[in-house]
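Chains R and G are the protein sequences, given in the same order.
Using the working numbering, the first residue of the first sequence is number 1, and each one after it goes up by one.
Using the working numbering, the first residue of the second sequence is number 1, and each one after it goes up by one.
Watch out, some of these pointers could steer you wrong.
All copies of an identical chain are treated as equivalent in the list; a pair is satisfied when it fits inside any one copy or across any two copies.
What the hints assert, rightly or not - In the SDA-like style, the derived pairs of lysine to any residue whose C-alpha atoms are separated by at most 25 Å in a straight line are:
1. Lys191 to Ala286
2. Lys19 to Arg120
3. Lys299 to Tyr135
4. Lys198 to Phe221
5. Lys191 to His271
6. Lys191 to Ser29
Honestly, the hints are just simulated from the structure, not real lab data.
2 protein chains.
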Amino acid sequence: MSAPLPSWRDGAVRNAILKFVNDVTRDGSPSYVPPEARIAVFDNDGTLWSERPMPFQLIFMIDQLKAAAPQHPEWKRNPAFKALMANDAAALARNETALLQLLEVANSGMTTDQYDQSIRQWLASARHPALDRPYTSLVYQPQLELLDFLRANGFQIWIVSGGTAEFMRVWVTAAYGIAPEQVVGTQEKLKYVWRDGKPALYREPGIEFNDDGAGKPVGIFRAIGRRPILAFGNSDGDREMLEYATGGAGPSLGLLLHHDDAGREFAYDRHAGSASLDKAWDEAAARGWVVVSMKQDWKAVFSAAPARSP
Amino acid sequence: MSAPLPSWRDGAVRNAILKFVNDVTRDGSPSYVPPEARIAVFDNDGTLWSERPMPFQLIFMIDQLKAAAPQHPEWKRNPAFKALMANDAAALARNETALLQLLEVANSGMTTDQYDQSIRQWLASARHPALDRPYTSLVYQPQLELLDFLRANGFQIWIVSGGTAEFMRVWVTAAYGIAPEQVVGTQEKLKYVWRDGKPALYREPGIEFNDDGAGKPVGIFRAIGRRPILAFGNSDGDREMLEYATGGAGPSLGLLLHHDDAGREFAYDRHAGSASLDKAWDEAAARGWVVVSMKQDWKAVFSAAPARSP
Numbered sequence: 001m002s003a004p005l006p007s008w009r010d011g012a013v014r015n016a017i018l019k020f021v022n023d024v025t026r027d028g029s030p031s032y033v034p035p036e037a038r039i040a041v042f043d044n045d046g047t048l049w050s051e052r053p054m055p056f057q058l059i060f061m062i063d064q065l066k067a068a069a070p071q072h073p074e075w076k077r078n079p080a081f082k083a084l085m086a087n088d089a090a091a092l093a094r095n096e097t098a099l100l101q102l103l104e105v106a107n108s109g110m111t112t113d114q115y116d117q118s119i120r121q122w123l124a125s126a127r128h129p130a131l132d133r134p135y136t137s138l139v140y141q142p143q144l145e146l147l148d149f150l151r152a153n154g155f156q157i158w159i160v161s162g163g164t165a166e167f168m169r170v171w172v173t174a175a176y177g178i179a180p181e182q183v184v185g186t187q188e189k190l191k192y193v194w195r196d197g198k199p200a201l202y203r204e205p206g207i208e209f210n211d212d213g214a215g216k217p218v219g220i221f222r223a224i225g226r227r228p229i230l231a232f233g234n235s236d237g238d239r240e241m242l243e244y245a246t247g248g249a250g251p252s253l254g255l256l257l258h259h260d261d262a263g264r265e266f267a268y269d270r271h272a273g274s275a276s277l278d279k280a281w282d283e284a285a286a287r288g289w290v291v292v293s294m295k296q297d298w299k300a301v302f303s304a305a306p307a308r309s310p
Numbered sequence: 001m002s003a004p005l006p007s008w009r010d011g012a013v014r015n016a017i018l019k020f021v022n023d024v025t026r027d028g029s030p031s032y033v034p035p036e037a038r039i040a041v042f043d044n045d046g047t048l049w050s051e052r053p054m055p056f057q058l059i060f061m062i063d064q065l066k067a068a069a070p071q072h073p074e075w076k077r078n079p080a081f082k083a084l085m086a087n088d089a090a091a092l093a094r095n096e097t098a099l100l101q102l103l104e105v106a107n108s109g110m111t112t113d114q115y116d117q118s119i120r121q122w123l124a125s126a127r128h129p130a131l132d133r134p135y136t137s138l139v140y141q142p143q144l145e146l147l148d149f150l151r152a153n154g155f156q157i158w159i160v161s162g163g164t165a166e167f168m169r170v171w172v173t174a175a176y177g178i179a180p181e182q183v184v185g186t187q188e189k190l191k192y193v194w195r196d197g198k199p200a201l202y203r204e205p206g207i208e209f210n211d212d213g214a215g216k217p218v219g220i221f222r223a224i225g226r227r228p229i230l231a232f233g234n235s236d237g238d239r240e241m242l243e244y245a246t247g248g249a250g251p252s253l254g255l256l257l258h259h260d261d262a263g264r265e266f267a268y269d270r271h272a273g274s275a276s277l278d279k280a281w282d283e284a285a286a287r288g289w290v291v292v293s294m295k296q297d298w299k300a301v302f303s304a305a306p307a308r309s310p
């Protein structure tokens, strides 16, 4: 067998991961955890793939909004829509609530099967604006190795994201080897309906459950029913998830990815809006969470060389 | 290998199950379904175990209410509480909303860990009023064999119940071999809190998602993300789940258990309140759902000889 985590640099962080996994899996270890309780939860945006300039699902939703605009001439008078089309960041910030409402409208009013097709079509052609490659090639190679290493050691891996499971399920199996039913996310309103003589689920505007911040432990409990023993996040939205996972009676490991690598990806932490790593970072030392430096601890960032534009 | 489904009588119903599983699993079959899409969903109450005189979780919740009564002297003036203590069915029916509110109060106001302990304690000592045995011995032997048979053929099995996952997760692995995270249920309100210096989930009164009727396809989609190809229920609360599972493009099997066996279990169908099998029964013929007669199609009902009271 080759050494695990080849894209992780030798050092305290890689050793902490190897030691934890060894401690909870070694027969006779005082920290032994049986396989069914080896639950690992990973945030998605900024933890398993990039999230700059904004979470990719938001880019998809905005593209859906722009595509739907011809059917909505009334939007031309909407300040949020005008700000979006003018790329006016200040005006967008002033009209955030109105923008979210427009996004909800543009991303509802169809069946889940129809929406699934839209996601697939978008993923097949959309490219990251700065890194110029398909979004699904922006997954982190060291994290793929960590997922493989955990699976090989009997861990059950879940994604717990502020995005929706619906958006992620389309691609997470190919990208991460994670099954669609192991994804916990924000939940939008759905209604059971008959369409064209077939039963279907219809997307209505509005959020029913927000799987972020203090929502993450709730989402985890509802979907899994067991407290995770490993949690990996990258922002304040993951703080409560890490507290919950590392606040049980047994052994646990909390990990935070620090985006400090402007050369290979992006550098942002305390002042990055909804992607900020600030309070969680402050808590890390007190709770023994491991802060992973993208720049120092990862030999590589992305899973493949950048794809060229056609 | 021994023949599958030994407690199922030879006949059209057993043959329909065997044929469906053979059709979707046989290499080269025109109805072949790959293993990852072999999703089977089972209702719990009345489908995998008994539900008379009322769903057992409701009996548990009432026992919690009675146990909490000494701390709530104000309940003595509550008509629903008085009707409950007097076993007055007519008065209970008149005060159903008030009773549900009392049940919510008595079953909230503690952490999920504390509530989990209450469920475990109750299960260890409570006995069915008429059948005089622990509730967990009221699971159906033919269904255990069906679950085994489906698992052996690569199916992933989920429970989709009007009860809560929290109540079921405690015992479903021992009873059915189903993992806690494969249970979809009604969701109560939860709040992330710190208690005694530890992160916890606190139960608040109220239902956030009702996993019954038209809620079941929504619960299935959110938890699994794929349309099941087999659904097994027993009442009108399962109707939309069966429609959804059998309304896709590919092969599917819908099954309804008919409680027609007063000698070995209970007999009820069209006029059984929330447990009625009425509209779903009417739909069965049109949609090709298989109606399973407990009396005709099952050689045995319960998984073991009745336990005697101490």
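Intra- versus inter-subunit Cα pairing at 25 Å for Lys299 with Tyr135: Classified as within; 21 Å inside a copy, 56 Å across copies.
25 Å Cα threshold - placement of Phe221 relative to Lys198: This pair counts as between: shortest inter-copy Cα distance 16 Å, intra-copy 33 Å.
Within, between, both or neither: Lys191, Ala286 at alpha-carbon 25 Å: between (44 Å within a copy, 24 Å between copies)
Within, between, both or neither, where Lys191 and Ser29 count as close if Cα-Cα is 25 Å or less: Neither: 49 Å inside a chain and 34 Å across chains, both beyond 25 Å.
Same-copy or cross-copy closeness of Lys19 to Arg120 [CA-CA at most 25 Å]: This pair counts as neither: shortest intra-copy Cα distance 39 Å, inter-copy 34 Å.
Within, between, both or neither: Lys191, His271 at alpha-carbon 25 Å: Neither: 38 Å inside a copy, 28 Å across copies.
Against the hints set out earlier in the document, violations occur for numbers 2, 5 and 6.
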